[in-house]
Amino acid sequence: MEKTINQVKAAMAAALGLLTGLWGWFGWLVVGWIGCMALDYLTGSMSAAKAGDWSSGKAREGIWHKCGMIVVVVVAAGADLLLSVVLANLPLVELPVQYSGLVCPVVLVWYIVTELGSMAENAAAMGAPVPKWLTKLLALSKGAVDGAGDKLGGGEHE
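In the working numbering, the protein residues as written are 112 to 269.
These aren't lab readings, by the way, just hints derived from the structure by calculation.
Every value quoted in this text rests on a predicted model; they were computed, and no experiment measured them.
Each hint should be verified, as a subset may be incorrect.
As the list claims (entries may be wrong) - Straight-line distance between alpha carbons at most 27 Å, and here's what the computed DSS-like set of lysine-lysine pairs gives:
#1 K120 with K177
#2 K253 with K169
#3 K253 with K177
#4 K177 with K262
#5 K243 with K253
#6 K161 with K243
#7 K161 with K262
#8 K161 with K177
#9 K247 with K262
Generate coordinates for the entire structure from the input sequences, incorporating the hints supplied.
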């Protein structure tokens with residue numbers, strides 16, 4: 112039995128190592144965001160069911176909301192790709208550092224923090240005690256990412 116457990120552990124470590132080699136940190140950021148979206152949808156559905164307020168219409172709205180988020184991440188990735196191509200091919204446009212993508216990771220982190228905050232709200236609605244410092248930390252984190260995005264884009268977020 113112990114040999115089987117060690118084989119499973121080794122296989123999982125090898126698979127995670129391979130995926131990390133292929134994806135890098137950005138891929139894991141995307142995986143984390145997708146996981147957070149799924150957990151937020153699940154906890155939101157559970158919270159609504161507990162309150163006796165679950166409906167398929169509201170569930171569909173939640174899915175449309177998540178689809179809109181996916182579109183925004185694709186747009187952010189496209190903006191990063193565009194900036195990379197422009198910086199690599201237009202000699203008049205230069206940055207003092209090598210640009211490897213910034214817009215999409217900032218958007219992903221913003222969404223992850225937002226999803227975590229929503230999950231905490233859902234947990235509270237289900238009756239779980241949520242430490243105030245956790246909700247404050249998530250709000251501060253979201254504010255910090257907003258500030259970074261504002262500096263990056265020179266404006267306010269929607």
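Hints and how they fare:
1. Only pairs whose Cα atoms come within 27 Å are accepted, and K120 paired with K177 is rejected, the gap being roughly 33 Å.
2. Taking the CA atoms of K253 and K169, the gap is near 25 Å; set against the 27 Å cutoff, the hint holds.
3. The hinted pair formed by K253 and K177 meets the criterion: a straight-line CA distance of about 18 Å does not exceed 27 Å.
4. Distance check on the hinted pair: K177 and K262 sit about 26 Å apart at the alpha-carbon level, within 27 Å; holds.
5. Annotation: proposed proximity of K243 to K253 holds, straight-line Cα distance about 15 Å (limit 27 Å).
6. The suggested pairing of K161 with K243 holds, with an alpha-carbon distance near 22 Å, which does not exceed 27 Å.
7. Of the pairs offered as hints, the one joining K161 and K262 is violated, with about 41 Å between alpha carbons and a cut-off of 27 Å exceeded.
8. Pair hint K161 plus K177 holds up; C-alpha atoms about 22 Å apart against a cutoff of 27 Å.
9. Among the hinted pairs, K247 with K262 is consistent with the structure: their alpha-carbon atoms are about 22 Å apart, no more than 27 Å.
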